[in-house]
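Residue numbers (this note's numbering), protein chains in the order written: chain U, 1 to 98; chain B, 1 to 435.
Note that these hints are calculated values from the structure, not bench results. This structure is a prediction, so every number in the text was calculated from the model and none was measured. We treat Cβ as the ideally placed atom computed from N, Cα and C, and that holds for glycine. It is possible that some hints are incorrect.
Per the computed footprint, the stretches of chain U lying under chain B, defined by three or more beta-carbons under 8 Å from a beta-carbon of chain B, are [unchecked claim]:
hint: 1; segment: 28 to 36
hint: 2; segment: 55 to 64
hint: 3; segment: 68 to 77
hint: 4; segment: 80 to 94
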Amino acid sequence: MNVESLVRVEDKLYYNRYLVDIGHPHVKVRAHTTPSPQLLALLKACPARCYELNDDGQVEITVDGCIECGTCRVIAEPTGDIEWSHPRGGYGVQFKFG
Amino acid sequence: MIEERFDAIVVGAGMAGNAAALTMARRGMKVLQLERGEYPGSKNVQGAILYADMMEKLVPEFREEAPLERHLIEQRFWMMDDRSHVGMHYRSDDFNEERPNRYTIIRAQFDKWFSSKVREAGVTLLCETTVTELVRGERERIVGVRTDRRDGEIHADVVVLAEGVNGLLGTRAGLRARPRPDNVALAVKEMHFLPRETIEARFNLRGDEGVVIEAAGTISRGMTGMGFIYANKECISLGIGCLVADFQRTSQTPYGLLDQFKRHPSVAPLIAGSEVKEYSAHLIPEGGYKSIPQLYGEGWVVVGDAAQLNNAVHREGSNLAMTSGRIAAEAIGLVKSRGEPMSAANLSIYKKMLDDSFVIKDLKKYKDLPPLMHTQSQNFFLTYPQLISKAMQNFVRVDGTPKAEKEKATLKSFVRARSWTGLFGDACRFARAWR
Numbered sequence: 001m002n003v004e005s006l007v008r009v010e011d012k013l014y015y016n017r018y019l020v021d022i023g024h025p026h027v028k029v030r031a032h033t034t035p036s037p038q039l040l041a042l043l044k045a046c047p048a049r050c051y052e053l054n055d056d057g058q059v060e061i062t063v064d065g066c067i068e069c070g071t072c073r074v075i076a077e078p079t080g081d082i083e084w085s086h087p088r089g090g091y092g093v094q095f096k097f098g
Numbered sequence: 001m002i003e004e005r006f007d008a009i010v011v012g013a014g015m016a017g018n019a020a021a022l023t024m025a026r027r028g029m030k031v032l033q034l035e036r037g038e039y040p041g042s043k044n045v046q047g048a049i050l051y052a053d054m055m056e057k058l059v060p061e062f063r064e065e066a067p068l069e070r071h072l073i074e075q076r077f078w079m080m081d082d083r084s085h086v087g088m089h090y091r092s093d094d095f096n097e098e099r100p101n102r103y104t105i106i107r108a109q110f111d112k113w114f115s116s117k118v119r120e121a122g123v124t125l126l127c128e129t130t131v132t133e134l135v136r137g138e139r140e141r142i143v144g145v146r147t148d149r150r151d152g153e154i155h156a157d158v159v160v161l162a163e164g165v166n167g168l169l170g171t172r173a174g175l176r177a178r179p180r181p182d183n184v185a186l187a188v189k190e191m192h193f194l195p196r197e198t199i200e201a202r203f204n205l206r207g208d209e210g211v212v213i214e215a216a217g218t219i220s221r222g223m224t225g226m227g228f229i230y231a232n233k234e235c236i237s238l239g240i241g242c243l244v245a246d247f248q249r250t251s252q253t254p255y256g257l258l259d260q261f262k263r264h265p266s267v268a269p270l271i272a273g274s275e276v277k278e279y280s281a282h283l284i285p286e287g288g289y290k291s292i293p294q295l296y297g298e299g300w301v302v303v304g305d306a307a308q309l310n311n312a313v314h315r316e317g318s319n320l321a322m323t324s325g326r327i328a329a330e331a332i333g334l335v336k337s338r339g340e341p342m343s344a345a346n347l348s349i350y351k352k353m354l355d356d357s358f359v360i361k362d363l364k365k366y367k368d369l370p371p372l373m374h375t376q377s378q379n380f381f382l383t384y385p386q387l388i389s390k391a392m393q394n395f396v397r398v399d400g401t402p403k404a405e406k407e408k409a410t411l412k413s414f415v416r417a418r419s420w421t422g423l424f425g426d427a428c429r430f431a432r433a434w435r
């Protein structure tokens, strides 16, 4: 049985409180035609499943649910595949418990 | 934005940043602290256990004031396979002492309180402010920070980098390397809410007594990692973490592991019927002694997780953060009291003081363990837990097989899985790294 297919990360993200900075994504994916192994690794490693493949087979990011752990930075910033910054002051996830 | 000049700027309002800011303010320094979250703690994630001794050195009266959850009277270590766990429990009434040694806490709430003490001491705190860059002056000296506020450049004699494991400033400025996939773990955590009485009944607790469960084994699917379950007053912190390099290598998902851990027959009854109220994730520095970066330079010091100060073997982090923050502040205070500049030569006293503390001594003791665990993860986190579980079942199940035959079968299974030289080598390597 494939456990992953049963876990809906979106439902988990609904527990959290976010202040989304519309129009200012703090993480960007570099334009590419074929994704690097590092970018492909993010599809699985990101705990908020922010990274997904689009119809053309490229890796895209939606930062709205990002929990700002930095895993994607550790994996894919050195190769230049992504640009990582912290959200602007006050924006992003706001943990109540942490 | 701010015209005035500060003695020190502290980046971050976590354990390390708060300890540093508080200590400097109490020594009469003019301190500005910058925090990117809405309030202190809103970006901070930890298991979380608070070590009283290190907190007491900063706020002696914290037990009366701070939002604490439960004082720990019991520690359980579980080695798990898919259906069982072999456990070692230590429970002692000695921990029901007047000044308990360890507590579970909820970081967002605790940090808010800790920060109130920091502000009482006279620190200026600016929240919702992301520091984007360190500002350099003559001879590459750090003279301040740039923030995302308008006209957001602020100057100070020294900058304390308490920016956490994923701090960007120090790495962008070339002061230290970026964390690598093989020296940080990714942990995911959920907060499970249940009535107080239910938690106390399920964990065998009275009043504010608490329990910690640390679990390793097949739950990490052969990766270097651990699960944890901490009892709070009205909720349970439950999570699991593995090395980022292992996630990258195996294509396992963090939430898949968490879900499997929750559904394990030893875990599921503890959280049955709970309401989840938060899902978080955080990196944990796991590289140990060998991954500690340069700790000071011209006009700056780095403390806490940003300096990789974390004892993965004992799962201690926040106390190393608090202690390094306090010691850095004391070192800065010494330099200032002599009226000398915050140069690298003068700030080197921070490293000397830290070397003399438990922080570096402990990390040095285990300097060889992280590489051993990381290269032998299949053996330590998959093979051995399965073998040990099988051996235990063999030992306790009564089925008419003579005991000698059972023992022979158990031994055989170990040798078959790891070979005599493998078993001997693992034992020696482990002993040497632990020593």
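_Hints violated by the structure (listed by number, smallest first)_ = Of the numbered hints, 1 and 2 do not hold.
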